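Trainee: So the protein lines, in turn, are chains D and Z. First residue of the first sequence? That's 23 in our numbering, and the numbers climb one at a time after it. First residue of the second sequence? That's 7 in our numbering, and the numbers climb one at a time after it.
Calculated directly from the structure, the hints in this document are not laboratory data. Mixed in with the good hints, there may be bad ones.
Pair ranges (Cβ atoms, derived) [to be verified]: (1) R53/D to E46/Z: 28 to 34 Å; (2) P175/Z to G119/D: 56 to 62 Å; (3) G43/D to P110/Z: 23 to 29 Å; (4) G54/D to R130/Z: 29 to 35 Å; (5) D342/Z to T37/D: 27 to 33 Å; (6) E36/D to E407/Z: 45 to 51 Å; (7) R130/Z to P31/D: 25 to 31 Å; (8) A388/Z to D56/D: 25 to 31 Å; (9) T414/Z to S25/D: 49 to 55 Å; (10) D91/D to P110/Z: 17 to 23 Å; (11) E169/Z to A98/D: 23 to 29 Å.
Fair warning: this is a prediction, and the values are worked out from it, not measured in the lab. Glycine residues also receive a C-beta, built at the ideal position from the N, C-alpha and C atoms.
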Amino acid sequence: MPSITFIHPDGRSETAEADTGATAMATALTRGLDGILAECGGNAMCATCHVYVDAAWLDKLPPRSNEEDALLDGTAAERQPNSRLSCQIKITPELDGLMLRLPDRQT
Amino acid sequence: MSAFNSPASSGAGAGPAAMPHLDIDPFAIDFFDDPYPAHEKLRESAAVVYLDKWQVHGVARYAEVHAVLNDPLTFCSSRGVGLSDFKRETPWRPPSLILEADPPAHTRTRAVLSKVLSPAAMKRIRDHFAAVADAKIDQLLQRKSFDAIADLAEAYPLSVFPEAMGLKPEGREHLLPYAGVVFNAFGPPNELRQTAIERSAPHQAYVAEQCQRHNLAPGGFGAAVHGFVDSGEINESEAPLLVRSLLSAGLDTTVNGIGAAIYCLARFPEDLARLRRDPSLARNAFEEAVRFESPVQTFFRTTTREVEVSGFRIGEGEKILMFLGAANRDPRRWADPDRYDITRKTSGHVGFGAGIHMCVGQLVARLEGEVLLSALARRVAAIEITGPVKRRYNNTLRGLESLPITLTPA
Chain D
23 MPSITFIHPD GRSETAEADT GATAMATALT RGLDGILAEC GGNAMCATCH
73 VYVDAAWLDK LPPRSNEEDA LLDGTAAERQ PNSRLSCQIK ITPELDGLML
123 RLPDRQT
Chain Z
7 MSAFNSPASS GAGAGPAAMP HLDIDPFAID FFDDPYPAHE KLRESAAVVY
57 LDKWQVHGVA RYAEVHAVLN DPLTFCSSRG VGLSDFKRET PWRPPSLILE
107 ADPPAHTRTR AVLSKVLSPA AMKRIRDHFA AVADAKIDQL LQRKSFDAIA
157 DLAEAYPLSV FPEAMGLKPE GREHLLPYAG VVFNAFGPPN ELRQTAIERS
207 APHQAYVAEQ CQRHNLAPGG FGAAVHGFVD SGEINESEAP LLVRSLLSAG
257 LDTTVNGIGA AIYCLARFPE DLARLRRDPS LARNAFEEAV RFESPVQTFF
307 RTTTREVEVS GFRIGEGEKI LMFLGAANRD PRRWADPDRY DITRKTSGHV
357 GFGAGIHMCV GQLVARLEGE VLLSALARRV AAIEITGPVK RRYNNTLRGL
407 ESLPITLTPA
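Throw the hints in and build the complete structure from the sequences for me.
Mentor: Now the structure itself:
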């Protein structure tokens, strides 16, 4: 199983085993992780599953859709070049070890 | 890809299970008065049931409701999301271009409303909505005793949403009655539906006129929809109908959502106390009220082919009634489902639906709910119910007619 490490704003990290094909958002919710709200339940509507992707992993993710790009303009925490919505990151074996930093707020 | 097997491909086995027939009428007044025992019966009888009264299939468990919502090609919306099948009956009004549409037609219109009501658009209206909420609670604290439905759950959305749409001040009294008709019309041809449609002409005339571009102030959501005509994403005849969708679904739903939240906080003072200690819980307290009360109780879909759902065979052209409120309290999905808990992880509830038709205005609803509950949390010490609680009956919406309360200031 690929594993994902979520790093909280205070530096604390949590590693979660992810099902291949699940999203990073769903993985966080299944684990009960704080910091990913996902108010819309993964329907790409709310921008409350915002993450900052660790630089080493940025190029390994498929590019953003136009819809994701527009939603990222509405994130509560500041949008950065490495901002993504975790509901749009599908976990593949190649993403084993993915590191995602959580913003200080989602709403 | 469909989440469901075609019967032909389901392979060997015992064949489809016998579907239980129930005599529950989910559109009857006694059902509305206390739906929970019936919800439990619907959920526990089987994954799919048949409701003889209206000759429809029903799903009330979370997994099946969620799955039907997420397979719009098998369970379509273009034949209507009420009991009436648009293939067999003429709709009572021209169909919605978004709610009552399937991909690919739905994709383009949905994209327009998603952009108009995006997270970025919410940032622009947030401060104003919050200031009006604070002022509303201050004003009600002067009065102390009032009706939480008329004076708060209706008054607050009416003081922000029509203005955000860019509507003229005149005639706004038609908005709630129009929405009442729309949501009654999803139901069966019972007295609620027939009476609502018979009286709908003046409300329909008002709404049709307000959807025109010249009646919508610049800067509002309505003008923003028409702006997509200029960029070519929709045409001139589509824009008024998309504005109509916002007027149909943008007000009564938030009224009932806010009413639900106030009713919860009045009944569960421990949760009000938790909210007062940490007003940042306001947004989730609203979300949990949407799960707990499910202001939009039901929607229908129509099958586009024969399909097997959790071992039950359903033919083509059949109506499926999704019990959103029952799914939101399914113990298979939710721990302690009948408890209102403002710290619950609410993600995944189907109070706003799910999938491609999930409520396009959900961010407006959350914004209104959050800023209002935040104002309450900071200013109010106690909410006491001081008179008879009266339910309002609607074929789709669950909410109250009257909730007399007295506030104690913080």
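Trainee: Each hint needs a verdict: does it hold in this structure or not?
Mentor: Against the structure, the hints:
no., hint, result
1, R53/D to E46/Z: 28 to 34 Å, "holds, 30 Å"
2, P175/Z to G119/D: 56 to 62 Å, "holds, 59 Å"
3, G43/D to P110/Z: 23 to 29 Å, "holds, 25 Å"
4, G54/D to R130/Z: 29 to 35 Å, "holds, 33 Å"
5, D342/Z to T37/D: 27 to 33 Å, "holds, 29 Å"
6, E36/D to E407/Z: 45 to 51 Å, "holds, 47 Å"
7, R130/Z to P31/D: 25 to 31 Å, "holds, 26 Å"
8, A388/Z to D56/D: 25 to 31 Å, "holds, 30 Å"
9, T414/Z to S25/D: 49 to 55 Å, "holds, 51 Å"
10, D91/D to P110/Z: 17 to 23 Å, "holds, 21 Å"
11, E169/Z to A98/D: 23 to 29 Å, "holds, 24 Å"
Comparing the model with each earlier hint shows no violations; every hint is respected.
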